[in-house]
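With chain A fixed as given, assemble chain B onto it according to the hints.
These protein sequence lines are chains A and B, in that order. So my numbering is basically just the index in the first sequence, starting at one, shifted up by 1219. So my numbering is basically just the index in the second sequence, starting at one, shifted up by 1219.
Certain hints may be false.
Copies of one chain are not kept apart here, so a pair can be met inside one copy or by any two copies together.
What the hints assert, rightly or not - 20 Å max Cα-Cα, derived SDA-like pairs, lysine to any residue:
(1) K1403 x A1392
(2) K1221 x M1294
(3) K1368 x R1415
(4) K1227 x H1361
(5) K1489 x F1281
(6) K1227 x Y1318
(7) K1403 x C1298
(8) K1403 x C1336
Think of the hints as simulated: they come from the structure by calculation, not from any bench.
Protein chains: 2
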Amino acid sequence: MKVIATVKEMQAWADRIRRRGGRIALTPTMGYLHEGHLSLVREGQARSDYLVLSIFVNPTQFGPEEDLAAYPRAMERDCAMAEESGVDVVFAPTETELYGPDFQTFVSLERLPRHLCGRCRPVHFRGVATVVAKLFNIVKPHVVVFGEKDYQQLLVIRRMVADLNFDIEVVGAPTVREPDGLAKSSRNAYLAPDHRESALTLSRSLNIAQDMAAAGETDPQRIVAATQTLIEKAPHTRIDYVEIRDPHTLERVDVVEGSVLMALAVHVGKSRLIDNRILTPGG
Amino acid sequence: MKVIATVKEMQAWADRIRRRGGRIALTPTMGYLHEGHLSLVREGQARSDYLVLSIFVNPTQFGPEEDLAAYPRAMERDCAMAEESGVDVVFAPTETELYGPDFQTFVSLERLPRHLCGRCRPVHFRGVATVVAKLFNIVKPHVVVFGEKDYQQLLVIRRMVADLNFDIEVVGAPTVREPDGLAKSSRNAYLAPDHRESALTLSRSLNIAQDMAAAGETDPQRIVAATQTLIEKAPHTRIDYVEIRDPHTLERVDVVEGSVLMALAVHVGKSRLIDNRILTPGG
Chain A
1220 MKVIATVKEM QAWADRIRRR GGRIALTPTM GYLHEGHLSL VREGQARSDY LVLSIFVNPT
1280 QFGPEEDLAA YPRAMERDCA MAEESGVDVV FAPTETELYG PDFQTFVSLE RLPRHLCGRC
1340 RPVHFRGVAT VVAKLFNIVK PHVVVFGEKD YQQLLVIRRM VADLNFDIEV VGAPTVREPD
1400 GLAKSSRNAY LAPDHRESAL TLSRSLNIAQ DMAAAGETDP QRIVAATQTL IEKAPHTRID
1460 YVEIRDPHTL ERVDVVEGSV LMALAVHVGK SRLIDNRILT PGG
Chain B
1220 MKVIATVKEM QAWADRIRRR GGRIALTPTM GYLHEGHLSL VREGQARSDY LVLSIFVNPT
1280 QFGPEEDLAA YPRAMERDCA MAEESGVDVV FAPTETELYG PDFQTFVSLE RLPRHLCGRC
1340 RPVHFRGVAT VVAKLFNIVK PHVVVFGEKD YQQLLVIRRM VADLNFDIEV VGAPTVREPD
1400 GLAKSSRNAY LAPDHRESAL TLSRSLNIAQ DMAAAGETDP QRIVAATQTL IEKAPHTRID
1460 YVEIRDPHTL ERVDVVEGSV LMALAVHVGK SRLIDNRILT PGG
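Here chain A stands alone, though its shape is the one from the complex (with noise of 0.2 Å):
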């Protein structure tokens, strides 16, 4: 497995593959690897020929009151993990090696930013939007994969392939539990062990809602109500949000009809964990 560091060598690799004709799939990541991201490397080394994974915390998506500083980091297990998974390239760049001096320009969209996370994440998804269009620009991948848990993320990532007419096929791949049903992720590791019962509230909620939407209960308010009564009778618990919304323009939705998406996010303790679930009516 080789570990890149520079743009230039990262660019040099992927013109050499491609002029063979090798297909190349990309898994961005923040690194402190987990099962969820190893999900992610099986997902594009299946559709692909050689497995880039890139390990960097992007500060242009964190904003000032954010956890940037705290982000859990694990760079020599992170590799071990990767080169276990049989990955080909761990691409992982400085801070400085991606943000240059005079950096300026910012990839952005207008409408799906404005829903769920991105209400107390004013940033965010510009960060998101940004350094992806940058990996996509060094690693040069056929294909790329992104986890389901980031719903909004992945909503994202895919509308800017679209309006910016990158040539790669956006793969999203299903949330990764653990056993007890908390979606796997880096900042879990924050948790402190009493939090990580109220944690437990999130996937459980989601699996409630679902019930009553089998059930035939078609007002997305009195599900909303249901869910979030449960997640605040968890000690350590803060709701962001809890919201029903159209799967694919995140707009609210009045009738509980067809898909729709439920997504939410909740301060425990320390961490803000999401979670969210496509609930499918019954009937």
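Leaving out everything else, chain B in the frame of chain A:
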């Protein structure tokens, strides 16, 4: 010569050329070709195996009060000129092909567009950066050629390429002028015959500015004032700006030393004309 109208066909063509090691140059234009464009084509041909000329009057770079509808178009004549110049592919998509119904992703720069033309054309450079990023992903060029006549545009593209890590060489080509000094521009087509004499004050005043700098004048305000006086004396002119700036950042300069950019934009009748020159002081 091929004429391609769809993104898919253009990308497939680029892939074929790249796979066999061919080098692609792109010259983006809004059509209504003149000798200036053809000089960009020749510049591109000298640096590549295949020259793609794009023709697209890009709506996102025109403000609501600007001349999008009136912008001159001559597709058949353009194709004939392109073929005669040895262009390999004309890429001429429709507006719908490049901007689908849910389009919402833009590339924008934070500082360079605040100056000069960006002040009175607030969405212009966002539109330029966005469409050029799209063209890069569609045509997949190794090298692109832009004219120095649109100096600020050239700086914006260079910055975008660096910031978003496009693996593309950006070449600036010198302004092509009529024998009387008028910079070639598709917008010269709007010039009534009696306005043309007034339009000559742009290039003449740049020459006078250079003479003043060469003679030791170091105060940018005195050079600007002399230029303004000359332009204002000509009938049918209305100055948008006359500025002396840092040639890299476009920030104001207090003293004319080293190389500085002199840039101007002047309405002559219905045409808004721009021109610029690098001033190199004497002494």
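Right, here's what the structure says about each hint:
1. K1403 x A1392: within (13 Å within a copy, 53 Å between copies)
2. K1221 x M1294: So K1221 and M1294 pass the 20 Å test inside one copy only (14 Å; across, 50 Å).
3. K1368 x R1415: So K1368 and R1415 pass the 20 Å test inside one copy only (18 Å; across, 62 Å).
4. K1227 x H1361: For K1227 and H1361, the Cα distance is within 20 Å both inside one copy (19 Å) and across copies (15 Å).
5. K1489 x F1281: Within one copy, since 16 Å is at most 20 Å while 47 Å is not.
6. K1227 x Y1318: Cα proximity of K1227 and Y1318: one copy only (14 Å, versus 32 Å across).
7. K1403 x C1298: The answer is within: 19 Å in one copy meets 20 Å, while 56 Å across copies does not.
8. K1403 x C1336: within (18 Å within a copy, 49 Å between copies)
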